[in-house]
Amino acid sequence: MNTLFDKIWDAHVVQTVEDGPVQLYIDRLYCHEVTSPQAFAGMRARGLKCFRPERIYCMPDHNTPTHDQDKPIEDPVSKAQVDALAKNAADFGLAHFGMMDKRNGIIHVVGPERGLTLPGMTIVCGDSHTSTHGAMGAVAFGIGTSEVEMVMASQCILQSRPKTMRITIDGKLGKGVTAKDVALYMMSKMTTSGATGYFVEYAGEAIRSLTMEGRLTLCNLSIEMGARGGMIAPDEVTFEYIKGREYAPKGEEWDKALAYWKTLKSDDDAVFDKEVRYDAADIQPMITYGTNPGMGMAITDCIPTVEGMSEVEKTSFEKSLNYMGFEPGEPLLGKKVDYVFLGACTNGRIEDFRAFASIAKGRKKAGNITAWLVPGSWMVDAQIRQEGLDKILEEAGFEIRQPGCSACLAMNDDKIPAGKYAVSTSNRNFEGRQGPGSRTLLAGPLTAAAAAVTGVITDPRTLM
Amino acid sequence: MKQKFDIIASTCVPLPLENVDTDQIIPARFLKATTREEKFFGDNLFRDWRYNPDGSLNKDFVLNDPTYGGQILVAGKNFGSGSSREHAAWAIAGYGFRVVVSSFFADIHKNNELNNFVLPVVVSEGFLKELFDSIYADPKTEVVVNLPAQTITNKATGKSETFEINAYKKHCLMNGLDDIDFLVENKDKIENFERTRS
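Chains as they are written, first to last, in the working numbering: chain A, 1 to 464; chain B, 1001 to 1198.
Worth double-checking, as some hints may not be accurate.
[To be verified] Some chain A residues close to chain B (C-beta under 10 Å, calculated; not the full set):
(1) Ala11
(2) His12
(3) Phe51
(4) Pro53
(5) His62
(6) His96
(7) Gly126
(8) Gly197
(9) Gly226
(10) Ala280
(11) Ser316
(12) Ala410
(13) Lys415
Everything labelled a hint here was simulated from the structure, so no lab data went into it. Ideal Cβ placement from N, Cα and C applies to all residues, glycine included.
All chains should be modelled from the sequences, with the hints used to inform the complete structure.
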């Protein structure tokens, strides 16, 4: 009567501290340049070496520019942070995929595509979107820098056991509805704190029908409902995706691993602390109107009004709309857009570029739009070119940039200017997230493409 | 860092907003530091709410209002949502807060506060609302946070609530110990686990 989460978690418990947390063994630690330097400094101050260096993989992604990566980074502070990761990895004997390395990219895109993320693993990274890796049937969650140091020092972490939740989505997704829309829909229903304290398993026909890329998008956004992590039981889609990837098991090891992976599902009589069900037929292409990812609606809807809100809720809601320059009760369709961003650990995979290209094909980028199309990794970039998507996109007036986190959080030069509107496939629309004063509308790749070719917020189904 | 925690009695800074995310607590452009300079992070706590785009002080923001001060930040529900950046906890500690009171915290940020000897105190919605009212009625309202007894008291109303914290973490906070000290001492258990797992 165990859930998928229970099975993986229990298999990694080293001990339970008396009246305290669980000491959990970690199979994989991913490190990027932003949340690791102070952990390495702590290790040095304590005179420690990494306990299991072979389980740790490092790569810069947040600061990397999306152009001229073969040249030194212009911003000296970004350069120092990226250089520090390379030095730390070398000093501590860790694998490091630096800029221009063909294996470089956003850590949450690279892990799965290189076969480093596998079913049944426990995976952590100093990054809240580590929840992405749960799509492969792993227990994966974001941690702070002190916790990164814990894992470096002991390959373990002290954590309280989260509660379990299953979200089931029945039925088939409609035309123009992507995994991103499913996630934005769930967030709009659950709010940004509705799953706090829980580890979520996604189930149901609509989830099973998603590709591996779609599942990664969905689990990526688990944290935006407050969840500790999200996961999907591995199946043939998962196994097919993993087979043959660089670090995936091969030969006899593969057979052994596959036999184990096939046991990784919740038992029929498994009991979850909470069960939620949605109907796929209710999900439309979505867009956000506010300053947290839970403030989303169907693209054809109007922004809610303040009716029935408490004083504190009203204060936060009005502050949010004021920042966005929107009025309660107004529709978003037809509103002018300035920027479009396709990319991030949420929507920087090959399927997202295929979706974007399907709308861009035979059309032209609107004159008022600045578009940044940023592949999640060099592997995605190679796939784009192999499939000829680059030709379709260039023909339509779009340029493909070099991989990295880019405008998702604007730690490099890709900043949305103050007051400008961006339809973005990233994960957060917080105030200033894409640059001070930037106004973000989160959406899926089809909606982003529709805005890019029309210059205004457009229902992508009208272009399909 | 590693400041032992016992009983704190202090006035409070009210921030009656919900869903305060860590991007607001410390914007991404301040995450490029490679050292843990708490003063730098503290100076940039709530940077884009504290300063106008031209760099001048935003006089309407509570941290710039001399009426309010103290070691306790009181915030609306779902405090610390979003990014896992521990820099947010460093900024809160660096500014001088020892306690954050809210009716609900995001998971990762809550752990980050605890790992930096900042105590997240979860109170009921009713207690929180009354606390905001007390602070606005009298900014000198004192709140007592007693970690050994696990209680928080609003001295204006005299009302108290108990709060939860696991015994292990409480012991760490009261004695200035961190998790790495604990884990490194347990290496034999880890090696044994590695040997016996299938």
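The hints, checked one at a time:
For A:Ala11, the shortest C-beta to C-beta distance to chain B is roughly 7 Å, which falls under 10 Å, so the interface hint holds. Interface hint status for A:His12: upheld, as the beta-carbon distance to the closest one in chain B is roughly 8 Å, under 10 Å. Annotation: A:Phe51 was flagged as interfacial toward chain B, and the flag holds, the nearest CB pair being 7 Å apart, inside 10 Å. Given the 10 Å rule on beta carbons, the hint for A:Pro53 is violated: about 14 Å separates it from the nearest Cβ of chain B.
Interface hint at A:His62: satisfied, since its Cβ lies 8 Å from the closest Cβ of chain B, which is below the 10 Å cut-off. Of the supplied interface hints, the one on A:His96 is violated, with its beta-carbon coming no nearer than about 16 Å to a beta-carbon of chain B, more than 10 Å. A least Cβ separation of about 6 Å between A:Gly126 and chain B falls short of the 10 Å threshold, and the interface hint therefore holds. The beta carbon of A:Gly197 comes within 6 Å of a beta carbon in chain B, closer than 10 Å, and the hint placing it at the interface holds.
Given hint, A:Gly226 at the interface with chain B, holds; its Cβ is 6 Å from that chain's nearest Cβ, closer than 10 Å. Because the beta carbon of A:Ala280 sits about 27 Å from the nearest beta carbon in chain B, more than 10 Å, this interface hint is broken. With a least beta-carbon distance of about 5 Å to chain B, the hint placing A:Ser316 at the interface is held under the 10 Å criterion. With a least beta-carbon distance of about 6 Å to chain B, the hint placing A:Ala410 at the interface is held under the 10 Å criterion.
For A:Lys415, the shortest C-beta to C-beta distance to chain B is roughly 9 Å, which falls under 10 Å, so the interface hint holds.
Consistency note: the structure conflicts with the earlier hints numbered 4, 6, 10.
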